[in-house]
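Trainee: Chain A is fixed; fit chains B, C and D onto it per the hints.
There are 4 protein chains.
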Amino acid sequence: MLSTYRLVIDCPDQTGLVAAVSQFLAEHGANILEASHHTDLQLNRFFMRHEIDAKSIAVDHEDFVNAFGKVAERYDMRWKLSDSEKNANVALLASRESHCLIDVLHRWHTGELRCNIPCIIANHETMREYADWYKVPFHFIDFTDKTAAFKEVERLLEHYQIDLTVLARFMQIVPDHLCKKLAGKAINIHHSFLPSFAGAKPYQQAYERGVKLIGATCHYVTSDLDEGPIIEQEVLRISHSDSAQDMVRKGKRCEVNALANGIRYHLQDRVIIHQTKTLVFA
Amino acid sequence: MLSTYRLVIDCPDQTGLVAAVSQFLAEHGANILEASHHTDLQLNRFFMRHEIDAKSIAVDHEDFVNAFGKVAERYDMRWKLSDSEKNANVALLASRESHCLIDVLHRWHTGELRCNIPCIIANHETMREYADWYKVPFHFIDFTDKTAAFKEVERLLEHYQIDLTVLARFMQIVPDHLCKKLAGKAINIHHSFLPSFAGAKPYQQAYERGVKLIGATCHYVTSDLDEGPIIEQEVLRISHSDSAQDMVRKGKRCEVNALANGIRYHLQDRVIIHQTKTLVFA
Amino acid sequence: MLSTYRLVIDCPDQTGLVAAVSQFLAEHGANILEASHHTDLQLNRFFMRHEIDAKSIAVDHEDFVNAFGKVAERYDMRWKLSDSEKNANVALLASRESHCLIDVLHRWHTGELRCNIPCIIANHETMREYADWYKVPFHFIDFTDKTAAFKEVERLLEHYQIDLTVLARFMQIVPDHLCKKLAGKAINIHHSFLPSFAGAKPYQQAYERGVKLIGATCHYVTSDLDEGPIIEQEVLRISHSDSAQDMVRKGKRCEVNALANGIRYHLQDRVIIHQTKTLVFA
Amino acid sequence: MLSTYRLVIDCPDQTGLVAAVSQFLAEHGANILEASHHTDLQLNRFFMRHEIDAKSIAVDHEDFVNAFGKVAERYDMRWKLSDSEKNANVALLASRESHCLIDVLHRWHTGELRCNIPCIIANHETMREYADWYKVPFHFIDFTDKTAAFKEVERLLEHYQIDLTVLARFMQIVPDHLCKKLAGKAINIHHSFLPSFAGAKPYQQAYERGVKLIGATCHYVTSDLDEGPIIEQEVLRISHSDSAQDMVRKGKRCEVNALANGIRYHLQDRVIIHQTKTLVFA
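Chains as they are written, first to last, in the numbering used here: chain A, 853 to 1134; chain B, 853 to 1134; chain C, 853 to 1134; chain D, 853 to 1134.
If we strip away everything but chain A, and leave its shape as in the complex, we get:
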């Protein structure tokens, strides 16, 4: 797989922006593999992502960053340059449900998802067998004392230098301070089409309301439960003949696919969070 740099920018919209960035890239010999722009006319804000063949750039990552810093300053850019060779450290938080966990593990194991998975943290022992097979360290934490438990979660995330925390059907509510600390770095999969059916037992809620489609939502974790910026959603048609249990079974494919896309987009720097929403250059 090609080694790439990803340059992700957002800033107030103004004439000459694209010219300045592309001029800079051309001067450094950058071979642009993918470019995506978006101007939000309502916000008067500009968003941009470039994926560049790393080999095409004469200078190294640090020099590139320093040089681009001047352009960025001129246009008041929020920006980042990431290197596809530097794999993110991803922690998986799980409970007793296996479908999301092993789907992520399998995509990682087969190389589809480029990252490191240095640990799985769980409030049940159930997933240990999968962790062992994939040779990923498994940390069981007793959540009877939730404060102590989340302290341990926090310690592990630091210990493993985690860049992205994935709540793969982890059924515990993350405390406020940790949500803030992990802002933009923690992804949850919720088993409903948000904002419908936030909170507990979404399939049961869907069954009771009698909706004709069910879904799943992958979003960033924030202090407001199930209110974080949405990255990806999937839906599936159901009928009156589906019980709440049928929905649980059928809905898994929505959860698995929304989560896989969400993680992929995040790891490839395809997501820009702006206020309460995301832009996804899919």
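Watch out, some of these pointers could steer you wrong.
For identical chains, the list gives no copy identity; a pair is met inside one copy or between any two copies.
Restricting the straight-line Cα-Cα distance to at most 27 Å, the calculated cross-link-like pairs of lysine-lysine (BS3-like) are [what the hints assert, rightly or not]:
{"#": "1", "residue 1": "Lys932", "residue 2": "Lys1129"}
{"#": "2", "residue 1": "Lys938", "residue 2": "Lys1102"}
{"#": "3", "residue 1": "Lys907", "residue 2": "Lys922"}
{"#": "4", "residue 1": "Lys1129", "residue 2": "Lys1053"}
{"#": "5", "residue 1": "Lys987", "residue 2": "Lys1037"}
It is worth saying that the hints were derived from the structure and are not from the lab. Predicted, not measured: the structure shown is a model, and the values here were computed from it.
Mentor: Frame of chain A, contents of chains B, C and D only:
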């Protein structure tokens, strides 16, 4: 098109039910074209719909009804036998948006939707040109005085002996007593994937929340706004590049299709309302 | 999970059929959990599936079969009565691609798919690690000599008394005589939306044709390659920015879901093959 | 609605391309509303579309074209600059089916589709009533003598200075020389998910093959029937209970939506035809 009877039943579940009904049908020589059953194990309730070739029945509609009444009583059935030849009278209530109105009119005009449309009622003059072309009486009502206006709506529904009232993007809130009077006989199309974004400006709400799919919901009208039993829902993928205006444009196809299916299912007696939900034998 | 009998019938259409069957079921005290009918008006043929609570029946499976045989004869029925407690033996045939194989294994392992998986047969060693973890005997067969190889496949299917053979991205063409022998008992997953792009490299074909959606098809194996009765299909939207490799990656979810549904429907006796097509009482 | 210029480019890929174009745009004060790029790595070819606020450009359309011509030459670009104020002339060719025709007419009438529709040409009189209502000149042509008929079609297209010819379920095969003359300027809607079921009676073909989804394809007309570059496709789930007639009815929504998107994309210069495929900057 074949002339049919539709026998729709629901009752407490018990052994021998299907046998009793099908025995009755066989004795009357009924040629069953379509049969659908559903047992709700949680409610211990049985639901059934038969579509029968009318010509295969020796007796007439009235005798059939009388004879079946005895079976129905034995099993404590809620039931109805309708005749595909007796077209329902459908009133269309509209405002300024044309897409749902003309889609319904076109399906009716081409014979896809079998019903009578004796009147269109609107709180704006805008749709009159379409009504005229389709030669449907058009009643403009001034909604400055809402109480008087809805009194006039009610009068017209009675005058035209309306069986089904369709709110085809009619942007007025139907008063409580009229909702109750029209229970199970009035269908609304709401331009969101309910229960998300009930109430006003759902596309703007969807835009602000940053959802990745938008939708529309066809449901029965009840006193609780946008809370009635859902008949049909449609969704459509969008992205960050869609403004609220784009959603308005794109969402129309969801509204049109959900409403067309909803009306069709209702007119063909494919919907059974049970408490706050529907069964749809699509 | 409830223990059930599944009674699946098809026969020439005639009045009294449903009455006869439901009368029989009522007399035996059958508690019907699910009933599905379909009359093909063009073929004048009737199709029916019942799922019955096994405990509600007084007599045992054999007596039930004998008794129903008389009804069946009267109406010239093709029929079968299966017992949900008797798990089918399913053989998985694999090559080097893991996604379909491990999805089936995972659904089986978690109890979602009720069957036995006594063996995996493969023309590569790659999948052995998964087989070992799931503790399923793994048989590698060298396909240099295809005739000998398929003889060995055939021997293993007999040895393990296989009821259903699943080609989970098994990239070998099954010889004519074996297709015939396994008629209605072998399922393949093809990675295109058939009948488009049959044969080799369907994603490359899709890329070259420039279609805007890709898909996967789960079908019964017949002597005509990729021409067997279709059980399930899935599609997914793509765009010009997707390379053939992207399609390979994205299409996996279609393959996995179409195959999982196909197997599930078959194992639950929800599929009736009629000539070149299927009825699926999903 | 904003008045815009659309600059659409494709050329051999090379470093500095984006810089050159965006530099040019910045120098002319262009306010870029939308920008889309794509590099086809396999073809080593670059594709680009810009939508620019026309008011932001100091010079007029002609001067802009002349000035950009020099940039274009340097990079061997195939390009065009169109003006959103100059509405294309669109001819609709129809037969006896109304759904596609009136959907296009309605979108045009309500301003959703910005274009002129100076004429409808048909081989049946059936659609005249719609044409009259929309006040569009209706030309009935007798197709008994196909050569003469298509000569008349050609004459009308010239007479009305047609930019885009839309075959809205026009059931006649366009002769080779006219296909060539209209290359890239004629759009057809085919009622199947191509390449499956090309040619006559696609729903009947779909019914016979027993597919589980049906669809529609909007594509450019070429001499090879139903083989032209695909612009848009839609699909819909069906089941064994759908007759070929049900498919005809249900499939209409696919046809209508695929055609509406196809026309919209074309009119907004969002489609680039490259060899046998399209890029669609949707």
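Trainee: Could you run down the list of hints and mark each one as holding or not?
Mentor: Verification of the supplied hints:
no.: 1; hint: Lys932 <-> Lys1129; verdict: within (19 Å within a copy, 35 Å between copies)
no.: 2; hint: Lys938 <-> Lys1102; verdict: between (36 Å within a copy, 24 Å between copies)
no.: 3; hint: Lys907 <-> Lys922; verdict: within (23 Å within a copy, 31 Å between copies)
no.: 4; hint: Lys1129 <-> Lys1053; verdict: both (25 Å within a copy, 18 Å between copies)
no.: 5; hint: Lys987 <-> Lys1037; verdict: within (24 Å within a copy, 37 Å between copies)
Against the hints set out earlier in the document, no violation occurs for any number.
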